[in-house]
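Protein chains in written order, with the working numbering: chain A, 1 to 298; chain C, 1 to 298.
Calculated from the structure, these hints are not laboratory results.
Being a predicted model, the structure only gives us computed values, none of them experimental.
Among these hints, one or two may not hold up.
If chains are identical, the list can't say which one is meant, so a pair holds when it fits in one copy or spans any two.
[Claimed, not checked] Simulated pairs of lysine to any residue, SDA-like, Cα-Cα distance not exceeding 25 angstroms:
| hint | residue 1 | residue 2 |
| --- | --- | --- |
| 1 | Lys127 | Asp203 |
| 2 | Lys127 | Arg204 |
| 3 | Lys127 | His137 |
| 4 | Lys127 | Gly201 |
| 5 | Lys174 | Glu34 |
Here's the letter readout for the chains.
There are 2 protein chains.
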Amino acid sequence: MNFDEELKRRVEKTEEVIRRFLPAEEGFSGHIKEAMNYSMNAGGKRLRPILMMESYRMFGGSHAVVEPFMAAIEMIHTHSLVHDDLPAIDGDEYRRGKRTTHAVYGEAMGVLCGDGLLNYAYETALKGFEYPDNREHIMLALSVLARKTGVDGMLGGQSVDVENEKDGRIKIEKDMLDYIYLHKTAALLEAPLMIGAILAGTDRGAITCMEQIGRKMGLAFQIRDDILDVTSTTEVLGKPVFSDEKNQKTTYVTLLGVEGAREEVHRLTENALRLLDALEGEKAFLTELISHLAYRDK
Amino acid sequence: MNFDEELKRRVEKTEEVIRRFLPAEEGFSGHIKEAMNYSMNAGGKRLRPILMMESYRMFGGSHAVVEPFMAAIEMIHTHSLVHDDLPAIDGDEYRRGKRTTHAVYGEAMGVLCGDGLLNYAYETALKGFEYPDNREHIMLALSVLARKTGVDGMLGGQSVDVENEKDGRIKIEKDMLDYIYLHKTAALLEAPLMIGAILAGTDRGAITCMEQIGRKMGLAFQIRDDILDVTSTTEVLGKPVFSDEKNQKTTYVTLLGVEGAREEVHRLTENALRLLDALEGEKAFLTELISHLAYRDK
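Next up, chain A with everything else stripped away, as it sits in the complex (with noise of 0.2 angstroms):
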């Protein structure tokens, strides 16, 4: 398998996928539809809806009804990226390399667009009724999405992060690092492997160990962002490094030094794909996307 014009023809699949349920820039509304879509079109890597793509079709899925979920995704993820970036929070104008939402658009428009793109992750989530497929699955993953976008998911995560951005005036030992990690990045990559089951209509026991395979995926892939910042440099990784020891974060890095970090990461993975070892179904391009995520450059 070449893995990287595998990847390629996921993210073109995944690009015309979202362009499709984007919300067209017509009315006296259309200001705020164009800084969503703009944000929309900032160049992700598109992650988390290739992974429910993947996890649907490695359960035999083959339905459109999981395009929608993966639309909804992906406008979740965004809305978080344009509210962390707004000057009460990270204070970022750049992000990949274009102005951030708030910078294009002003402050007011950063936060209604980013309100407007999880709203309409459900308006858009919503629309899975509207196809030929087990109501059941789609309440259930409804439910997923939004307890894992939630105070008890990503929303929570974020929430807790901001004490440890404070500049290292609390703190913070390792289970509520790890609290962060799960929540602020690891619950929505959770999200899409468990709705994917869920929609092809998998048992339960297969989407908890989905929910497993994101959980120790995400937590290796935020380890690893605290080994990059330390050891790449700003023209790699494409932002400044040094950053967290700059603001005095606590990261996996301060805990258990790169060496300890690297290994973490190592042993994360290692798990997560022993657990999509024991699953049936075309996994081939999942298992190298793990590996690639957890040793990546940047």
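Using the hints, position chain C against chain A.
Okay, now just chain C, sitting in the frame of chain A:
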């Protein structure tokens, strides 16, 4: 009917319902949940859940399935107030005499708490599926809730209102002002009236009629706001008067004068009451409530 007593009874019932659906303030994310509960308990009129319950009962509904939706619409409304008060938008430190969310919990938490409430509204409304009720109704109710909240509903109206707040630099025509009022305000009054009717299992004609009642009621409600801003006092209103003039905002008063605006409120309210009159069911309280809001002093 003693209107004030009947209203008080309904507010108390609604408070009890809302309380049951608020998140427990525990775990690492206890702080954001505390901020959400603070915002939800900052003394609102509970108008939207009350409208939903009245509509539900009027069409013969008698089950608890309406309750998660009652809590959800109040969470959505509160989310919009929390974000509106942010320095990025209105920059208000007080609401109803209490310090607003970001003034108590900080600006980052103000953003995340608003997001948390919006998302929790869907987590809560999705609990509707746990009740033994017609799933078709719940699916439709969820769609209406999402659409009336989003960029073709309330959030769309707020995004255009932001333009109107740019110190009058943009000339607002009547059709744009109507767009703002019908979306910013009316959409979230249409939603509860429609959802009550939907969950009670009524027909499409009656649902559309309830939407129209909400539309006229919402427009009248907002125009009444414009009037009070120039005819009331800060003491009675509990907030500064002449704020529209100060912010150079276009309002119904600047377009039609106080007398013209009064006539418009009267015309819209008579329209709403005539539509309600044509429907079956117990609607004495709802009739009084519509008049009460249109001719309120604060």
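Against the structure, the hints:
Taking the shortest Cα distances, Lys127 and Asp203 sit within 25 angstroms of each other both inside one copy (24 angstroms) and across copies (22 angstroms). For the identical chains of this complex, Lys127 and Arg204 are neighbours both inside a copy (24 angstroms) and across copies (20 angstroms), given an alpha-carbon limit of 25 angstroms. For the identical chains of this complex, Lys127 and His137 are neighbours both inside a copy (13 angstroms) and across copies (15 angstroms), given an alpha-carbon limit of 25 angstroms. Taking the shortest Cα distances, Lys127 and Gly201 sit within 25 angstroms of each other both inside one copy (18 angstroms) and across copies (21 angstroms).
In the homo-oligomer, the alpha carbons of Lys174 and Glu34 lie at most 25 angstroms apart only across protomers (23 angstroms), although the nearest pairing inside one protomer, at 41 angstroms, exceeds that limit.
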